[in-house]
Amino acid sequence: MTEPVKEHAPEPALERLLDAAPGTGAGEGADRGPLAKLRSDGKRAVLAAGLPTQKSEPWKYTSLNALRKIEWSGPTADGADFATVQAALPDLDAYTVVLLNGRFDPVLSDLAGLPKGVRVLPLPEAMSDTAVSDTLASLIPLGNAPMAALNTAHLDDGVLLRVDDGKALDKPLHVISVGYAPSSPTSFHPRILIQLGENAEAVVVESHIGLDGAPTFSNTVVEAVLAPSSRLGHYKLQDQPAESFDLSTTAIRCADKAVYDGFTLSLGRGTMRNDVRLTLDGERVEGRLNGAYLGHLSSHVDNTTFIDHAKPNSTSREVFKGVLADASRGVFQGKILVRPDAQNTDGHQLNKSLLLSDKAEADSKPELEIYADDVRCSHGATIGALDDDQLFYLRARGIDAATARAMLVQAFLMEALDEIRKVSVRDALHDHLAARLQPLFEGGLA
Amino acid sequence: MALLEIRDLHAEVDGKPILKGINLTVEAGEVHAIMGPNGSGKSTLSYVLAGRDGYEVTGGEVIYDGKNLLELAPEERACEGVFLAFQYPVEIPGVAGTTFLRHAVNAKRKYQGVPEYDAMEFVKFVRGKAKDLNMPDDMLKRAVNVGFSGGEKKRNETLQMAVLEPKLAILDETDSGLDIDALKVVADGVNALRGPERAMLVITHYQRLLDYVVPDKVHVLANGRIIKSGDKSLALELEERGYAHILEAAA
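Sequence order for the protein chains is A and B.
So for the first sequence, the numbering used here puts the first residue at 864; every next one is plus one.
So for the second sequence, the numbering used here puts the first residue at 9; every next one is plus one.
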């Protein structure tokens, strides 16, 4: 007979993950500093909720069992090789912040020439500003976001972008989150806060990359607050190695007439999960939440999104397109809530998956919850194979079958990228995707 | 030796016999029209020659340029110079016309063992071809056939044919869905591509296209067999008296 588990005793995996949190290590005194209160809230919330299991609806298709089995420790500086990190950074004409295992790295970052009215700071330095401290960790109710709670329990670094009323960031801000575990499995918790003032404008690109080595577990939280008439382009690239867990919780809140243009391109070889919560908390908001993913080898991509129409007269558009090869799995769960107040809502959602192998799997779960009576909402999901007519047309022009298939796969994903409104970012992601797909033309993805 | 020799060709689709013994010889430089009522096997013949899956050859043989055509994959047939202008050109979202054609041309060049074109060389080459046909090349910037009108689709097929320089062009109902102006543009393109090295098989239900693309020979296909062959006057006879008359005479 096994002994009954003590109530509230965390499972060992969670206990181990929390060991790396500031103020929780053995022998340390009471947790201090401006972020201590948030950390303790986060810790309490994640202890109450536990690590998610597949019994919880939002986690139905993504298991953390493999993650549980790894003995994680917090980041250390051991063996960090700056030249190697630097060489791995993707290139984009942008201001750059490098979060190395979640830590704002001042040497690798480049913020020279930021325009007036724009601040980019390590989060702890920004906490003296009450506009920042009041907003941080306010967008995500920790009670129903265990991974965000786990992140918050570790909150002692990260980056703030703040654009004042009427100001614009003249180039994208590129936040490169690098996972680097030269010796032992490393968990870390990157944190990003974006605040746009009235009529402010910015483009933020997140690149989540990793260097080969021991496994990494990256647990990111992004919060973005868009004041009236502000515009945020928010684009994300996931491209981590096979031994990685790249999880994130992103919450965006839009006030009247704000425009949010979001896109996630998932190309990693490991486990990826993006929990995105977009709240249209104003009238005439335009919310766009799009993405493309390429599953290959045994990678796993889960996009679980929640679009909350809280006020009348706003529009949302959501298109996720995925290609699933080998033994990969793609998950899309898209919920749209239209609250009683949100009359004249216009919301459209589409998920299209292309299965390239018998062992690949696609799961698509749309969910519309509508409480207003005057709305236009639609959703659609298709899962299919490559089109025989298209394949024959290409072959009848002399293109061999493997190249024809590669062309159609590339076209399917490239078309999704057209949703990205910022042209320079669209082009950069286009090139990145083309390079990643090149092996398809030469026999198979690697 | 003839460029194309079809001997007693039988084929079926989903177990149903469609072609029931076709015999046809086409010399280089000739234009042959194949006419016939709906369901006679015209499109099946074009797909069998192009190598489409699902069209099963159950008898006979096709010798093309000295080779057993039926043994080749569709892409090999294309690289050997067989071109099918589709009745319903397929839309391929996300693939630009230029990219598509460059892949096609380079596949053929690779097959022939000549250097592939780079992007710049290719654009120049295509512009030249479009100019020869008096056609704008702007549709190549768009995704292949996406949002094209019926006329644009057929014009695009003709431009592809010019670019790929086939030895044997099979035009499957190229006139279907075209108004008279679009038909003239396409016919002018096809005529510009006639030459002593190139044979054409023009498959059509109506005589109208043959006013513009005048054939050397006309064959009537009915119930999977060629029941009558003649010169261009046969097409006029069909136009005047209808298929029923010929079918009765052959019965």
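No wet-lab data here; the hints were simulated from the structure.
Keep in mind it's a predicted model, so treat the numbers as computed, not measured.
Among the hints, a few may not be true.
The calculated label-pair distances, taken between Cβ atoms and stated as ranges, are [unchecked claim]: (1) 1294/A <-> 250/B: 55 to 65 Å; (2) 157/B <-> 1286/A: 51 to 61 Å; (3) 1221/A <-> 257/B: 50 to 60 Å; (4) 1281/A <-> 144/B: 42 to 52 Å; (5) 155/B <-> 1206/A: 29 to 39 Å; (6) 932/A <-> 129/B: 47 to 57 Å; (7) 1294/A <-> 119/B: 21 to 31 Å; (8) 129/B <-> 1294/A: 17 to 27 Å; (9) 129/B <-> 1286/A: 45 to 55 Å; (10) 155/B <-> 1075/A: 21 to 31 Å.
Glycine included, C-beta positions come from ideal geometry on N, C-alpha and C.
Hint by hint, here is what the structure shows:
no., hint, verdict
1, 1294/A <-> 250/B: 55 to 65 Å, "59 Å, holds"
2, 157/B <-> 1286/A: 51 to 61 Å, "29 Å, violated"
3, 1221/A <-> 257/B: 50 to 60 Å, "55 Å, holds"
4, 1281/A <-> 144/B: 42 to 52 Å, "24 Å, violated"
5, 155/B <-> 1206/A: 29 to 39 Å, "34 Å, holds"
6, 932/A <-> 129/B: 47 to 57 Å, "55 Å, holds"
7, 1294/A <-> 119/B: 21 to 31 Å, "29 Å, holds"
8, 129/B <-> 1294/A: 17 to 27 Å, "22 Å, holds"
9, 129/B <-> 1286/A: 45 to 55 Å, "27 Å, violated"
10, 155/B <-> 1075/A: 21 to 31 Å, "44 Å, violated"
Of the numbered hints stated above, those contradicted by the structure are hints 2, 4, 9, 10, listed in ascending order.
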